[in-house]
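S.K.: Below are the chains, spelled out letter by letter.
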Amino acid sequence: MAHYWQEINALTMRWVRRLSREKFSMLFTLVQPMLFWLIFFGNLFQRAADTQVMQAPNYISFLAAGVVVMTVLNNGLAGGVDLLFDKENGFLERLMSTPIHRTSVILSRFIFVMAITSMQVLVILGVSYLFGVHPATGILGVATILLIGMMFGIGLTAISMAMAFSVKSHGDFFSVLGFLSLPMIFLSSALVPLTAMPGWMSFLAQFNPMTWAIDAVRPLILSGWTEALPHVGMVVLVMLVFDALCLYGGAKAFRRAMG
Amino acid sequence: MDRTIAIAVSRLCKTYDSHKAVDDLSFQIYAGEIFGLLGPNGAGKSTTLRTLITLLHPTSGTATVMGYDTVREADQVRTVIGYVPQERAIDRFLTGREHLQLLGALYHLTKEEAAKRIGELLKLVDLEAHADRPAKTYSGGMKRKLDIACGLLPDPKILFLDEPTLGLDVQSRLRIWEYIRMLKTRGMTVVMTTNYLDEADQLCDRLAIIDGGKIKTLGSPAELKIALGGDIVSLTLKETSRIPSLESDLTGRPAIKTVRATTKGLDIRVETPEKALPTILESANRLGCDIEFIQYNRPRLDDVFIAHTGRAITESPPEVESA
Numbered sequence: 124m125a126h127y128w129q130e131i132n133a134l135t136m137r138w139v140r141r142l143s144r145e146k147f148s149m150l151f152t153l154v155q156p157m158l159f160w161l162i163f164f165g166n167l168f169q170r171a172a173d174t175q176v177m178q179a180p181n182y183i184s185f186l187a188a189g190v191v192v193m194t195v196l197n198n199g200l201a202g203g204v205d206l207l208f209d210k211e212n213g214f215l216e217r218l219m220s221t222p223i224h225r226t227s228v229i230l231s232r233f234i235f236v237m238a239i240t241s242m243q244v245l246v247i248l249g250v251s252y253l254f255g256v257h258p259a260t261g262i263l264g265v266a267t268i269l270l271i272g273m274m275f276g277i278g279l280t281a282i283s284m285a286m287a288f289s290v291k292s293h294g295d296f297f298s299v300l301g302f303l304s305l306p307m308i309f310l311s312s313a314l315v316p317l318t319a320m321p322g323w324m325s326f327l328a329q330f331n332p333m334t335w336a337i338d339a340v341r342p343l344i345l346s347g348w349t350e351a352l353p354h355v356g357m358v359v360l361v362m363l364v365f366d367a368l369c370l371y372g373g374a375k376a377f378r379r380a381m382g
Numbered sequence: 006m007d008r009t010i011a012i013a014v015s016r017l018c019k020t021y022d023s024h025k026a027v028d029d030l031s032f033q034i035y036a037g038e039i040f041g042l043l044g045p046n047g048a049g050k051s052t053t054l055r056t057l058i059t060l061l062h063p064t065s066g067t068a069t070v071m072g073y074d075t076v077r078e079a080d081q082v083r084t085v086i087g088y089v090p091q092e093r094a095i096d097r098f099l100t101g102r103e104h105l106q107l108l109g110a111l112y113h114l115t116k117e118e119a120a121k122r123i124g125e126l127l128k129l130v131d132l133e134a135h136a137d138r139p140a141k142t143y144s145g146g147m148k149r150k151l152d153i154a155c156g157l158l159p160d161p162k163i164l165f166l167d168e169p170t171l172g173l174d175v176q177s178r179l180r181i182w183e184y185i186r187m188l189k190t191r192g193m194t195v196v197m198t199t200n201y202l203d204e205a206d207q208l209c210d211r212l213a214i215i216d217g218g219k220i221k222t223l224g225s226p227a228e229l230k231i232a233l234g235g236d237i238v239s240l241t242l243k244e245t246s247r248i249p250s251l252e253s254d255l256t257g258r259p260a261i262k263t264v265r266a267t268t269k270g271l272d273i274r275v276e277t278p279e280k281a282l283p284t285i286l287e288s289a290n291r292l293g294c295d296i297e298f299i300q301y302n303r304p305r306l307d308d309v310f311i312a313h314t315g316r317a318i319t320e321s322p323p324e325v326e327s328a
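Respectively, the protein sequence lines represent chains A and B.
Residues 124 to 382, numbered by the working numbering, are exactly what the first sequence covers, in order.
Residues 6 to 328, numbered by the working numbering, are exactly what the second sequence covers, in order.
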């Protein structure tokens with residue numbers, strides 16, 4: 124057990140070190156786009172969006188939950204990228220030829236992605252706060268949002284790693300990634316409530332786990348516990364199933380790739 | 006020869022879809038030797054190596070490393086081996102020292118143990134001055150040295166090197182060879198793949214020539230060359246009519262193995278040129294054969310390779326492995 128912790132700690136610290144040396148690219152590629160969504164998209168549609176339809180005081184406060192979950196989505200789907208590069212340049216083989224527990228590498232990645240995502244979610248909520256979006260459920264609500272984010276993120280990161288282990292080239296990986304992320308966003312309640320969508324879109328959006336996550340995060344920000352709790356309970360169940368499926372697929376891909 | 010067996014491979018097969026990357030390999034590697042797997046790209050060398058270091062499971066057959074089965078006792082195998090991958094398996098953002106520290110933790114060394122060993126290794130591969138710079142600033146040769154230091158960090162009983170000098174300049178190459186020889190003098194067993202004939206020839210105590218997933222031949226470079234039938238002395242005679250008489254005179258003489266007539270002279274396989282040349286010259290003189298040209302060829306590993314695979318190593322194999 125002590126060995127296991129030593130491995131996970133060292134591997135997680137590697138990701139942290141890398142990040143600390145890639146400060147700028149991190150800042151520009153991960154934090155900024157999401158803030159742009161919130162700041163520009165949020166303000167752009169402030170008057171175009173109908174608050175009656177949104178069921179929110181203004182569009183930014185409606186959008187905040189969507190941007191939080193979009194951050195989780197993007198980070199999760201990109202969570203396997205570094206492992207993909209490790210696989211391609213042989214670093215992964217080097218790690219796997221050492222007497223480490225087979226799950227250490229993967230676990231370190233989960234820990235790292237979850238930690239970074241949580242920090243970014245806090246940044247999003249902080250910026251929203253500056254625009255007057257004050258979470259109705261307070262600190263405990265924010266903690267719940269982080270928990271939902273992590274539950275969703277685990278499954279997404281597992282999908283991403285499974286892809287990293289399965290694809291032949293990283294071109295394939297990024298094509299699939301680009302193909303997945305936008306429909307996931309548009310076919311969810313991130314930008315528009317389901318009731319305001321064309322029928323076929325709202326039908327598809329119901330099956331998007333992202334919709335469930337957003338529907339739980341949104342009342343935590345806008346309404347309060349009485350409205351949020353049923354959604355939170357539901358999303359926990361949905362995410363348990365989602366994560367179980369993703370982890371199962373991820374484990375299979377990992378085993379196939381690692382022999 | 007009574008020697009300790011470090012690695013035993015028995016009837017090893019690895020199949021991808023319907024393609025046999027490794028086909029019924031059996032061989033042994035002795036403790037303390039430098040063993041080479043020589044073959045063109047796609048011959049099955051890397052697949053064999055990856056099986057030995059527990060990264061691939063064989064489709065059938067077994068391999069043991071220091072007595073441990075590579076599948077059932079993979080963890081024990083991993084504690085006694087070091088691995089230097091073919092790619093420059095370097096994290097550009099980490100410094101040389103951080104690479105070694107990371108591996109130190111993965112081999113469960115204490116901080117003190119790791120620090121001591123890292124200091125020694127950095128000195129050994131001559132990277133002390135650059136240890137705290139990110140690896141993206143390293144040259145190809147420096148990255149390779151770091152690779153090797155990483156492979157040596159666990160103080161392995163057996164070091165596996167996959168194409169250790171691929172793409173390196175001549176000087177770095179010679180330096181790497183020096184390290185490998187030094188490791189052998191320290192008692193380490195070294196297993197390497199290569200598709201450079203001169204590397205195999207210079208460095209390996211024994212080597213297996215692999216092609217199409219099968220071992221074509223196995224032995225020390227010298228044995229393999231001798232097995233081809235010894236050195237060849239080729240004579241070109243001024244008068245080709247004299248060829249048959251010289252041929253019959255030389256046949257069966259001591260130090261001469263075979264004599265074969267060619268269009269312009271004779272190809273004579275000899276045991277050693279020192280003994281054979283005087284005999285040949287004496288005969289030619291006595292029979293009044295004027296020699297226009299005399300050429301002496303010692304078989305090179307290239308000849309061994311061609312003799313066993315039917316083509317030069319630089320020619321592409323008929324079917325390329327997709328691994």
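Hints listed in this document are in silico derivations from the structure and should not be mistaken for laboratory results.
Worth double-checking, as some hints may not be accurate.
As the list claims (entries may be wrong) - Cross-link-like lysine-lysine pairs, in silico, DSS-like; alpha carbons within 25 Å at most: (1) K375(A) x K210(A); (2) K146(A) x K230(B); (3) K210(A) x K25(B); (4) K189(B) x K128(B); (5) K210(A) x K243(B); (6) K375(A) x K189(B); (7) K210(A) x K148(B); (8) K243(B) x K262(B); (9) K141(B) x K146(A); (10) K141(B) x K189(B); (11) K128(B) x K116(B); (12) K291(A) x K262(B).
Owing to the predicted nature of the structure, the values given are computational and were not obtained by experimental measurement.
S.K.: Given the hint that K141(B) pairs with K189(B), does the C-alpha gap stay at or below 25 Å?
M.R.: violated, 30 Å
S.K.: For the pair supplied as a hint, K210(A) and K25(B), is the alpha-carbon distance within the 25 Å limit?
M.R.: The given pair, whose Cα atoms are some 23 Å apart, holds under the 25 Å limit.
S.K.: Given the hint that K128(B) pairs with K116(B), test it: the Cα-Cα distance must not exceed 25 Å.
M.R.: OK: K128(B) and K116(B) at ~18 Å, within 25 Å.
S.K.: Taken at face value, is the distance from the CA of K148(B) to the CA of K210(A) at most 25 Å?
M.R.: Distance ~18 Å between K210(A) and K148(B) Cα, so the pair holds.
S.K.: CA of K189(B) to CA of K128(B), is that 25 Å or under?
M.R.: holds, 18 Å
S.K.: Does K262(B) lie within 25 Å of K243(B) when you go C-alpha to C-alpha?
M.R.: The given pair, whose Cα atoms are some 24 Å apart, holds under the 25 Å limit.
S.K.: Are the Cα atoms of K141(B) and K146(A) separated by 25 Å or less?
M.R.: Within the cut-off at roughly 16 Å; holds.
S.K.: Please verify whether K375(A) and K189(B) have alpha carbons no more than 25 Å apart.
M.R.: At roughly 40 Å apart (the allowed maximum being 25 Å), K189(B) and K375(A) break the hint.
S.K.: CA of K210(A) to CA of K243(B), is that 25 Å or under?
M.R.: Given that 25 Å is the threshold and the Cα spacing comes to 64 Å, the pair is violated.
S.K.: Keeping to a limit of 25 Å between CA atoms, is the pair of K146(A) and K230(B) held or broken?
M.R.: violated, 57 Å
S.K.: For the pair supplied as a hint, K291(A) and K262(B), confirm whether the alpha-carbon distance does not exceed 25 Å.
M.R.: Given that 25 Å is the threshold and the Cα spacing comes to 54 Å, the pair is violated.
S.K.: Would the pair K375(A) and K210(A) pass a check requiring their Cα atoms to be no farther apart than 25 Å?
M.R.: holds, 16 Å
In this structure, the earlier hints numbered 2, 5, 6, 10 and 12 are contradicted, and the remaining ones agree with it.
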